[in-house]
Each structure stands twice: as structure tokens, then as C-alpha cells.
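Visitor: Position chain W against the provided structure of chain L, taking the given hints into account.
There are 2 protein chains.
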Amino acid sequence: MKILNYKSMEAEPVTMEGSKDASVRWLIAREDGAPNFAMRLFEVEPGGYTPLHNHDNEHEIFILEGEGVVWKGGNEVAVNAGTAIFVPPQEKHQFINNSQSVLKFLCLVPV
Amino acid sequence: MKILNYKSMEAEPVTMEGSKDASVRWLIAREDGAPNFAMRLFEVEPGGYTPLHNHDNEHEIFILEGEGVVWKGGNEVAVNAGTAIFVPPQEKHQFINNSQSVLKFLCLVPV
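So the sequence lines, in the order shown, correspond to chains L and W.
Position one of the first sequence corresponds to residue 0 (numbering that gives the first Met the number 0), numbered consecutively onward.
Position one of the second sequence corresponds to residue 0 (numbering that gives the first Met the number 0), numbered consecutively onward.
Okay, chain L solo, but in the shape it has when bound (with noise of 0.2 Å):
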């Protein structure tokens, strides 16, 4: 069993282009030992976003603290602690923090 705090993972900057002041902390890997999926964390700074781009694998996401908006179909979505979702396989998406405050977020992806 592996127990952690979050803040003693390091962060590290997401560099894809089309991000922005974001950073991700990889909290349960394939290295743990997952046999199925992964837990990340990412911080995105006030005015960042991460790339609107698509992709075979899903995205299961919770929102830990601050607010933001999420691209769907075209249009920007308000999010905020306690949202989850849920993006499909090859649906477009983008996380945006237009709030005053760091915007938090759980991503699980397949490993």
C-alpha cells in the first residue's frame, strides 16, 4: 500500500504545446504497481489552460479547489470544487482557470 500526500510528489510543468501555466504531479503510476490506471494531480495557475486536443483515452476528473471552465462541444462550461467528469475517448477537451486562484484537479488516465 502506498500512502502519500500529494505535495510530496514533485510538479512538474506540463510542456505540450497549448498549455500554459500548468503543472502536474503524478500521484499513483504504473511504477506503484497500477495494473489498470493512474492518479495525477495538476495545478493550473490563474490565466493557464491545458491543450484543447483529444485523444484515444478518457479522462476521469475531479475538482479539488478553485473554479474554471471546461471546453465541451464549443462552449465553455463553469466548473468548480466538487465537479467531476467524465471525457470520452476521443471527445475535445480543455481545462481553463479564468478565476483569480489556482485551479486543482484530479486526472485519471488508463496506464
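Source of the hints: derived by calculation from the structure; they are not laboratory data.
Please note that the accuracy of each hint is not assured.
Pairs involving identical chains hold if they fit within one copy or between any two copies, as the list cannot separate such chains.
With a Cα cut of at most 27 Å, we get these calculated BS3-like pairs of lysine-lysine [stated by the list, open to error]: (1) K19 <-> K71; (2) K91 <-> K71; (3) K103 <-> K1; (4) K91 <-> K103; (5) K6 <-> K71; (6) K103 <-> K6.
Guide: Okay, now just chain W, sitting in the frame of chain L:
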């Protein structure tokens, strides 16, 4: 894309033998098209607990609010908001709320 506040999903009592004063909300499930894993949110009242048990599937857990202890190899390890826990397949585990406030955590499992 499914976007929801966790409170919009019903909190169902955990009826498994060996549990006390715990409920679960299924936030993202197979019925939503999730191909690999599901997201549930547990709430354990003060003095409550989940069963001490083990099983074939892993858990990936993140403590959202409150504090408690995790049974790990015969010891109780303190956890609180911001703690992530990986329970490998077959490892025995239990979540106990020994505090005065509600313990809330996400627990993801394979579908």
C-alpha cells in the same frame, strides 16, 4: 462529456458486512461509457468505517475532506485531506473515521 456536481448523485448506504455509517455515490461508471475504471465518492460519518477486507481489484483513493486512519498491515496510518492511497490487488484495507467530522474520499476501481 459528463459534467456533474457530486452532490447530484444519490448517496447510497454501504451495506457490506463490517461497515458502519458509510455511504457511496457513483460519479462515473460503466453506464456512462467509462471503458476502464469508475469513480465513487465515499462519506464516512464520525465513528464509521468501511469493511476490513481484500479483493482482486485495486483501489486508487484521494482524501477530499476530514481525517481518519487506514488499516495497513495491522497498523493504523493517519490520513487527511490531500492524502492519496494506492491499495494493490489482494492487500487487506479498511478506512476508519476516528474524528469528529465527516471523512470524504474518492475511491476508483476497475469497471
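Visitor: Hint by hint, say whether it matches the structure.
Guide: Here is what the structure says about each hint:
{"no.": "1", "hint": "K19 <-> K71", "in the structure": "within (19 Å within a copy, 39 Å between copies)"}
{"no.": "2", "hint": "K91 <-> K71", "in the structure": "within (7 Å within a copy, 40 Å between copies)"}
{"no.": "3", "hint": "K103 <-> K1", "in the structure": "both (22 Å within a copy, 19 Å between copies)"}
{"no.": "4", "hint": "K91 <-> K103", "in the structure": "within (20 Å within a copy, 30 Å between copies)"}
{"no.": "5", "hint": "K6 <-> K71", "in the structure": "between (30 Å within a copy, 21 Å between copies)"}
{"no.": "6", "hint": "K103 <-> K6", "in the structure": "both (12 Å within a copy, 19 Å between copies)"}
Hint check: no violations occur; every hint is consistent with the structure.
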